[in-house]
Every structure is written in C-alpha cells, then in structure tokens.
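**Student:** What follows is the residue order along each chain.
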Amino acid sequence: AQSVTQLDSHVSVSEGTPVLLRCNYSSSYSPSLFWYVQHPNKGLQLLLKYTSAATLVKGINGFEAEFKKSETSFHLTKPSAHMSDAAEYFCVAISGGSYIPTFGRGTSLIVHP
Amino acid sequence: SQTIHQWPATLVQPVGSPLSLECTVEGTSNPNLYWYRQAAGRGLQLLFYSVGIGQISSEVPQNLSASRPQDRQFILSSKKLLLSDSGFYLCAWSLETLNTEAFFGQGTRLTVV
Chain U
1 AQSVTQLDSH VSVSEGTPVL LRCNYSSSYS PSLFWYVQHP NKGLQLLLKY TSAATLVKGI
61 NGFEAEFKKS ETSFHLTKPS AHMSDAAEYF CVAISGGSYI PTFGRGTSLI VHP
Chain V
1 SQTIHQWPAT LVQPVGSPLS LECTVEGTSN PNLYWYRQAA GRGLQLLFYS VGIGQISSEV
61 PQNLSASRPQ DRQFILSSKK LLLSDSGFYL CAWSLETLNT EAFFGQGTRL TVV
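Read top to bottom, the protein sequences are chains U and V.
Take the first sequence: its letter number 101 is residue 101 in this note's numbering, and every next letter is one higher.
Take the second sequence: its letter number 57 is residue 57 in this note's numbering, and every next letter is one higher.
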C-alpha cells in the first residue's frame, strides 16, 4: 500500500519570499511522484514529476522539487512567491503496485502582498 | 494529443433527484479511468476506478455508482442524491505504465439543495 502525507494544510507567505510545501510518501514500490496545482473550481494542472531520473526536478512557473529517498520526501519549493501562485497544491504518488494515483490531502498556499 | 472532457461544469440538484456526470477521453486507448470527489476544505477522495470496459472498482461505499459503457467513457450516477453528495467531482485518466502522470478534467461543482 502507498500513502502520501502533506504536512501542512495551509502555508502563508509574503510575495517575493520563498515557498516550501512539504510532502512525504510511503510505498512498497519505488513510486513516481508528482505535484499538481489547482486553482479555485478548476481541474488539476501538473507542475512537475519525478520518475527516477534526476532527483531534482524542475517544473513550470519556477517550481522545483527534490526527491530524497532516505527521507521519503518530495518537497516543493520556489525561490520567490508570486500572487498568482495562491492555489491548492497536491502531492501525488503512483507506484507499480496499483498505478492508482494516491493523493495527499492538499496544501493551500496563501500569498500576501 | 490526448484530451479529457467532463461535463457539466456546475450542477444544482434537489435532494432525492438522480445524477449523471459524464467523462470522455480522446487520443488514447484502454486508459485507467477515475472519479474523485473533493469536499469543501478537504483533499481528493477516490470514489471509483476502472481498468477496462465494464470493470468498476468502488473505493468508498455510498449511494453513487459508476459505469464504463465504452473504452473512453466513464459515467458517475446516483438514483437519489443526498445533501452530503455536494462537492467537486473530478474525472481523471492514466495509463498503466510507470512514470506517466494522471490527467484531469476540469471538474463538476455539484450542489445538492
């Protein structure tokens, strides 16, 4: 069985400051890991994905994430937050055991001017 | 290229009325199909998934049902809606291969009144 834990339900930052959204996973198989973003009443858009190649993954809109196997983590970061980054972010795991996307509970990113 | 269509975008239904949400995928064959529900302030809950025509797995016991009458069509139904069925419903598809992400529809906002 696999599970995904997003450690913060809400993260609040000021515009121009760094963003850190935390994600830990557990899986019996080596998973593929993804971060999605959801703006209000919209579907989910893929930000980036880790697929066992480089451990540091760069995505769209300046986001990146680092896969750390020893810590079973896949935290999402951005050097400088923009107001348009305010949204819900989901960490997702897919493993060879079931191929069913398993979601974290989501983290709401709030960006203050 | 692959696309996913989900409709309607919004729906207001009275308690006790039936429900039918439809999702279709284009540009791929034999996808895995999923229905998720997102209640207010909560993460995504997997409701149903399907690995082939007529094959439906239910993750959560409830008054909803799903059907897959064609390879790329996935329908979420209810005979009698409850207030607790209100939420944001997302259809998604993926391929049963590693390192591929899931793709999401734009969602349906269902309000049961």
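Don't read these hints as lab results, they were simulated from the structure.
Note that the coordinates shown come from a computational prediction; the quantities given were computed from them, not determined experimentally.
Be aware that one or more of the hints could be misleading.
[As the list claims (entries may be wrong)] BS3-like mimics (lysine-lysine), calculated; alpha carbons at most 30 Å apart, straight line:
| hint | chain 1 | residue 1 | chain 2 | residue 2 |
| --- | --- | --- | --- | --- |
| 1 | U | K49 | U | K69 |
| 2 | V | K79 | U | K49 |
| 3 | U | K42 | V | K80 |
| 4 | U | K68 | U | K58 |
| 5 | U | K49 | U | K68 |
| 6 | U | K58 | U | K42 |
**Student:** Hints first: check each against the structure and report whether it holds.
**Tutor:** A quick look at each hint next to the structure:
Distance check on the hinted pair: K49(U) and K69(U) sit about 15 Å apart at the alpha-carbon level, within 30 Å; holds. Distance restraint check for K79(V) and K49(U): the Cα-Cα separation of roughly 38 Å exceeds the 30 Å cut-off, and the hinted pair is therefore not satisfied. For a cut-off of 30 Å, the pair hint linking K42(U) to K80(V) stands: about 26 Å separates their Cα positions. A threshold of 30 Å between alpha carbons decides the hint, and for K68(U) with K58(U) the separation of about 15 Å falls inside it, so the pair holds.
A C-alpha spacing of about 14 Å is found between K49(U) and K68(U), which places the hinted pair at or below 30 Å, so the restraint holds. Distance check on the hinted pair: K58(U) and K42(U) sit about 23 Å apart at the alpha-carbon level, within 30 Å; holds.
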